[in-house]
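Given the sequences, and given the hints that come with them, work out the whole structure.
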Amino acid sequence: MDIRREVAASESHWIQKEKESKKKQKVNRRMNAADEQGDINEMADAFIKKFRNQLKIQREESFKRFQEIIARGV
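Position 15 of the sequence shown, counted from 1, bears residue number 15 in UniProt numbering, the numbering being contiguous throughout.
Don't take each hint at face value.
Ranges of calculated distance between the beta carbons of each label pair, as one might list FRET restraints [to be verified]: (1) 10 - 51: 49 to 59 Å; (2) 29 - 73: 54 to 64 Å; (3) 42 - 62: 22 to 32 Å; (4) 28 - 48: 37 to 47 Å; (5) 41 - 70: 40 to 50 Å; (6) 11 - 54: 49 to 59 Å; (7) 59 - 20: 24 to 34 Å; (8) 71 - 48: 47 to 57 Å; (9) 58 - 11: 38 to 48 Å; (10) 23 - 66: 37 to 47 Å; (11) 21 - 53: 36 to 46 Å.
If you are wondering where the hints come from, they were derived from the structure by calculation, not from laboratory data. A virtual CB, placed ideally from N, CA and C, is assigned to each residue, including glycine.
In structure tokens:
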């Protein structure tokens with residue numbers, strides 16, 4: 001019975017260490033995210049700018065196609 005208790009205690013200790021390790025990883029991720037916040041904002045701004053430019057190009061192409069359809073119909 002002593003062996004079972006030792007094994008159970010050892011498993012409990014290991015599980016506790018795993019939980020602590022996971023908590024530390026979460027905290028580290030949060031800290032890294034906070035450090036990279038500026039980079040993320042810059043990336044988001046670049047993405048938005050690129051997206052808006054793509055929309056502008058699509059509108060222009062659509063307008064050109066519309067003009068061509070109108071010209072053929074006359």
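Each hint tested on the structure:
About 55 Å separates the C-beta atoms of residue 10 and residue 51, a value consistent with the hinted range of 49 to 59 Å. At about 59 Å, the CB distance of residue 29 to residue 73 agrees with the hint of 54 to 64 Å. As the Cβ distance of residue 42 to residue 62 is approximately 31 Å, the hint placing it in 22 to 32 Å holds. Between residue 28 and residue 48 the Cβ separation comes to about 29 Å, which falls outside the hinted range of 37 to 47 Å.
Checked against the given bound of 40 to 50 Å, the beta carbons of residue 41 and residue 70, roughly 43 Å apart, stay inside it. Our hint of 49 to 59 Å for residue 11 and residue 54 holds, since their Cβ atoms are close to 55 Å apart. Checking the proposed 24 to 34 Å range against residue 59 and residue 20 shows it is violated: the Cβ atoms sit about 55 Å from each other. In this structure the supplied range 47 to 57 Å is violated for residue 71 paired with residue 48, their Cβ-Cβ distance being about 35 Å.
Remark: the range hint 38 to 48 Å for residue 58 to residue 11 is contradicted by a beta-carbon distance near 60 Å. The hinted range of 37 to 47 Å is not satisfied by residue 23 and residue 66, whose Cβ atoms lie roughly 59 Å apart. For the pair residue 21 and residue 53, the beta carbons lie near 45 Å from each other, so the given range of 36 to 46 Å is met.
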